[in-house]
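Novice: Each chain is listed here by its residues.
Protein chains: 6
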Amino acid sequence: MGIVVTNIKRAERDAADALGKYGVATVHEAQGRTGLMSPRIRPIYRGARIGGTAVTALATPGDNWMIHVAAEQCQPGDILVVSPTSPSESGFFGDLLGTLLMARGVRGLVIDGGCRDIADLQAMGFPVWSRCISAHGTVKETVGDVNIPISCGDALVNPGDVIVADDDGVVVVSRLRAAEVIEKSQAREDREAEIRRRYAAGELGLDINNMRPKLAERGLRYVDQADLDQ
Amino acid sequence: MGIVVTNIKRAERDAADALGKYGVATVHEAQGRTGLMSPRIRPIYRGARIGGTAVTALATPGDNWMIHVAAEQCQPGDILVVSPTSPSESGFFGDLLGTLLMARGVRGLVIDGGCRDIADLQAMGFPVWSRCISAHGTVKETVGDVNIPISCGDALVNPGDVIVADDDGVVVVSRLRAAEVIEKSQAREDREAEIRRRYAAGELGLDINNMRPKLAERGLRYVDQADLDQ
Amino acid sequence: MGIVVTNIKRAERDAADALGKYGVATVHEAQGRTGLMSPRIRPIYRGARIGGTAVTALATPGDNWMIHVAAEQCQPGDILVVSPTSPSESGFFGDLLGTLLMARGVRGLVIDGGCRDIADLQAMGFPVWSRCISAHGTVKETVGDVNIPISCGDALVNPGDVIVADDDGVVVVSRLRAAEVIEKSQAREDREAEIRRRYAAGELGLDINNMRPKLAERGLRYVDQADLDQ
Amino acid sequence: MGIVVTNIKRAERDAADALGKYGVATVHEAQGRTGLMSPRIRPIYRGARIGGTAVTALATPGDNWMIHVAAEQCQPGDILVVSPTSPSESGFFGDLLGTLLMARGVRGLVIDGGCRDIADLQAMGFPVWSRCISAHGTVKETVGDVNIPISCGDALVNPGDVIVADDDGVVVVSRLRAAEVIEKSQAREDREAEIRRRYAAGELGLDINNMRPKLAERGLRYVDQADLDQ
Amino acid sequence: MGIVVTNIKRAERDAADALGKYGVATVHEAQGRTGLMSPRIRPIYRGARIGGTAVTALATPGDNWMIHVAAEQCQPGDILVVSPTSPSESGFFGDLLGTLLMARGVRGLVIDGGCRDIADLQAMGFPVWSRCISAHGTVKETVGDVNIPISCGDALVNPGDVIVADDDGVVVVSRLRAAEVIEKSQAREDREAEIRRRYAAGELGLDINNMRPKLAERGLRYVDQADLDQ
Amino acid sequence: MGIVVTNIKRAERDAADALGKYGVATVHEAQGRTGLMSPRIRPIYRGARIGGTAVTALATPGDNWMIHVAAEQCQPGDILVVSPTSPSESGFFGDLLGTLLMARGVRGLVIDGGCRDIADLQAMGFPVWSRCISAHGTVKETVGDVNIPISCGDALVNPGDVIVADDDGVVVVSRLRAAEVIEKSQAREDREAEIRRRYAAGELGLDINNMRPKLAERGLRYVDQADLDQ
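Chains A, B, C, D, E and F supply the protein sequences, listed in that same order. So the number in the numbering used here is just where the residue sits in the first sequence, counting from 1, plus 59. So the number in the numbering used here is just where the residue sits in the second sequence, counting from 1, plus 59. So the number in the numbering used here is just where the residue sits in the third sequence, counting from 1, plus 59. So the number in the numbering used here is just where the residue sits in the fourth sequence, counting from 1, plus 59. So the number in the numbering used here is just where the residue sits in the fifth sequence, counting from 1, plus 59. So the number in the numbering used here is just where the residue sits in the sixth sequence, counting from 1, plus 59.
Some hints could be false.
One copy or two, either will do: identical chains are not told apart, so a pair holds if it fits within one copy or between any two.
Said to hold, decoys possible - Computed list of lysine-lysine pairs in BS3-like fashion (alpha-carbon distance at most 30 Å, straight line):
id, residue 1, residue 2
1, Lys273, Lys80
2, Lys273, Lys243
3, Lys243, Lys68
4, Lys80, Lys68
5, Lys199, Lys68
6, Lys80, Lys199
7, Lys199, Lys243
8, Lys80, Lys243
9, Lys68, Lys273
10, Lys273, Lys199
Hints were generated in silico from the structure; no laboratory data involved. Bear in mind the structure is a predicted one, so any value in this text is a computation, not a measurement.
Build the full structure now, drawing on both the sequences and the hints.
Specialist: Structure below.
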């Protein structure tokens, strides 16, 4: 029933590193506001920011067997991305599997299911973005798939895509667009640095972006409270 | 379509400062258990406690244009309160707008929508209470309203009201009742200090508040486990 | 209407201490993956890990009277477990009640409702696992029950059972099974230490647990990406 | 603590009747996409469509006393709108109160809380829009307010406003804007009738609304699947 | 690991029949507002009202094996009550198992998980109250328990208890209290018939229940809108 | 920014028709329990069952422009599948767009967002499966994509795939597997007819599927209640 696709094509590791540095919000904007996972996927602890290449796994609810299978397919620089075939709040992942993945050079886990041993994972420095925190153990009975396109956190993930994850959530960058998105991310950061400087100096977005004419055109008007009170 | 009310009447800044010090739980109790926002509105980081005067904005889902418009109406000591006209999990606010608002002396943001760049906002020390954390960008296409009464987090907010926000959530105090609520908050704190002392010394609420007669009257009875086991 | 059962039988305090050290994930596994509370029950702050014996209370939504009644039944080493008779997000518990319970040697609170004053509770070091954080005050009008079996966080809790709670959530161990579960927890920890060592050394779960034959039998097959692309 | 405002100013009954006929979607559009309650407020049965004038009540979670107080303030043609001061899933309302309100000519209930006896209410033909269905009874211990502005289902409701409710949800129309909104609703219906006729005849919105130039300008391009496959 | 308890003691079938006729809201009130399941447990179709004796099953998330085991323990007049050990939205139950249970005289199913084939189940007239509707199939790999006390929908269910379910939800009546609750349900219905008659005739709850003095005592006051406007 | 892929390859219409007749639960099982959308996607009315070929659209939250663009790409027998790039509860679709799609022979809509005019859509017989019901109007400002692979309701949908939807939810069948899934669906129906007959005659799944040895092997044991009571 299940298949494991081997020797997938991955985005360049340098590209993943570079995108990881820009962070989720910038990368998401740079690629046209696509690829962002749902806010229901949250980090188990604050402060991690990673970029890496996706190894994907499709699992049965309450069954973490495919994580073991996927682990073998992981290389240094990868991020494992796991989705169940139906919503599941079981604890698919804990510190043991975290140890296994760290030993393989995996940078983190993104899972649309539950995670446990979160204190240990934080102590180890292995970051996880998950749907919930749950200690509920899983079985190993049903085969699924590894390295096929999956839906995770409402986003489409292809094996080899770049995953960027930080405190703001998780974003997916298509392997084929990584170089373009890096460029646009840098351009955006440059633009934002200038805007930040001007905002810090007290300028308004209304003025910097010349919003007033368009606001007026769309019907915005100003009324003094004193006139309303009469 | 949209209006911006200028020159609103604000609660006194001293009153907002004073209420901020009492914190959400005390202020909420002091004004008769009203004005509390829903538990879905949570701080993006722990440890902030603020009081300020409300500037309000009503936005379209996925559109943060009105935050720019509202920013101009903000004065030092204000807290910006934003609600979409329909539930929305987009990321309306990030570190750029945080920079802009800080430059104007705004003390924080309360939004019944999403917030992003939370690591940066924490580093800057600009606190936000939001419905969720989401990096998803917003557009600037539809006008809304600024400084009209709005519903935010299930609470009614009038422009110029006092907003108090801390780790427990957010509470709204009517501009007209601020002085009264300060007085009652202080009275409550005084009472609680005494109760805390007695609790710490091992006394029970049952005794301090003489609850036993009313409990018995309402039918509470005590049964020994040994009697149940027979 | 309500009853308070006195002189309940508790698990041994040593057993509760021992189980507390193993933590939620281990204990939950050791007793056959039962007794875990729902992921909706979360700690108000990170880093606490406790074990103790349950005193239970069944309350009316929005009414915390029974916490006062239950407090009197608490002994050092207990954990108070509270459930409303219907879902409720009111703030049943704050720092005052925390002070009272700490003075009695209670180790923590588990509540399928709201908690407030969370900054104070963290400062005091009194841990709470709750359904939400809410400052909304409660009344004291309706009697409920203390020390009867209750459902809390989707788990069944009998008075005197062992409660273990940490960053992963909350698990309940039957008073009668405590000794057995300690033994199995230790066995599990021993096994896991060995597995952790091997995982850290780069071995795979596929090999350590000899999963490959069963995976093949259930139909898993490997396909090279290059073959798919043709 | 609580107040009941008597002799409120209501929108004209004819206006409420007229708005009720247009239904929620049309009225909501006609007034600029404001005033809509959250999708969490749903009818207990399908097929009702009503318009009426709001009598408002602010209640304590799990306490329906204020519904009795508000009932006395209701007149034929009113719709009672009730909100708790904090989220509550208790069953505030059932067939007995439905009988009482029907006898007073009230057209329906909107409540950001639970409703029970839904089979009876449907048989009686008394429609309710609620947050959930729950049989859990409520107490009568805490006073609240009647006929003050409230937040219900994330919308702001002033006493005397027009409420329109149908299978799509609930919308609030300001008393002062009722006449204007009727006019705009009729204009919208007229426009829609023409569009519906053209859509039914096979025309596209792309053509009727001349969307193609703006789509192209914003960057939309067409690619043949065959070209992508090469 | 798992046990099946045989020859459980059941409430009298006549008692279950009688309680079923009163319905959920009445029975829940009659037993002091306890035993009600959470509003998240909803009927898959409207119009069924049943009473029966509980056979309970505790299952693993995504595993419906124990339903087969429990089916053998069911007798005519029973209602099967199933809970997973952790939240699960899989489709544990469909028309095939419905056929099996109907053949054994089972009156319905209550499950804190998913149900499928709902159109067929409605056509067959086999009512189900479930957490969600999901077609996702389950495995048969892990043993659980049958006829032990369980937590379902936030309520505690002992095998042999009476279950009453209708459009308002599900309530559990302790086997030992069934006779008492019937009596109180009848008394309540009698009282309600009289109140309904008076409400229909235009009397107010304020008057029938003499609420005005207590309202005044608790601080409720009446203010004319005209006085507020000055 | 956005692209529209034209001339996509569709599954055969006969295959879509055939799969539609089997319904969601059967098809989902027949293809190995994959492709099912989340239970959050529900029909706006009961009783529809359709099969068709997917035209997909990726939209911005609160913006339904791409539905107009996608409509032009629809052919008779298609089902339109729409997802926002981030969770959105706006009302993207109503009776006007329903009229347009019906005129083009589209069989239904699946949308991970809100739908309105549900009474009209039911009267027209145009079925919709949606995340929620909301009248909140959308804008037409941001381009998205049509006929690219999308994630909808936690499932991956490729343009041209078969969509099957009924009261149980929505399932996606890969265009390339349609023939195989039809065959397996028929085989499953044949098997189920036999099982249904035997269940109706009073046989147990325990016996038909010879479960008892495996249950015993996994540790299930039977205990008489009378023995437990001693």
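Novice: As a check of your reading, is Lys199 near Lys68 (CA-CA no more than 30 Å) within one copy, between copies, both or neither?
Specialist: Within one copy, since 28 Å is at most 30 Å while 37 Å is not.
Novice: 30 Å Cα cut-off: does Lys80 pair with Lys199 within a copy, between copies, both or neither?
Specialist: between (36 Å within a copy, 27 Å between copies)
Novice: If the cutoff is 30 Å on CA atoms, where do Lys68 and Lys273 land: within, between, both or neither? Let me know, please.
Specialist: For Lys68 and Lys273, only the inter-copy Cα distance (28 Å) is at most 30 Å; the intra-copy one is 46 Å.
Novice: Which holds for Lys243 with Lys68 at a C-alpha limit of 30 Å: within a copy, between copies, both or neither?
Specialist: Close inside one copy (23 Å), not across copies (33 Å); limit 30 Å.
Novice: First find the shortest C-alpha distance between Lys80 and Lys243 inside one copy, then the shortest across copies, and answer within, between, both or neither for a cut-off of 30 Å.
Specialist: within (13 Å within a copy, 44 Å between copies)
Novice: Up to 30 Å between alpha-carbons, please classify Lys199 paired with Lys243: within, between, both or neither.
Specialist: Between. Shortest inter-copy distance 21 Å satisfies the 30 Å Cα cut-off; intra-copy 43 Å does not.
Novice: With identical chains, the pair Lys273 and Lys199 could be close in the same copy or across copies; at 30 Å between alpha carbons, which is it: within, between, both, or neither?
Specialist: Between copies, since 10 Å is at most 30 Å while 59 Å is not.
Novice: Given a CA cutoff of 30 Å, do Lys80 and Lys68 count as a within-copy pair, a between-copy pair, both, or neither?
Specialist: Result: close within a single copy only, 22 Å intra versus 39 Å inter.
Novice: Is it within, between, both or neither when you check Lys273 against Lys80 at 30 Å Cα-Cα?
Specialist: neither (35 Å within a copy, 36 Å between copies)
Novice: Evaluate Lys273 and Lys243 at a C-alpha cut-off of 30 Å and name the case that applies: within, between, both or neither.
Specialist: Classified as both: same-chain Cα gap 26 Å, cross-chain 24 Å, threshold 30 Å.
Violation of the numbered hints given earlier is confined to hint 1; every other hint is satisfied by the structure.
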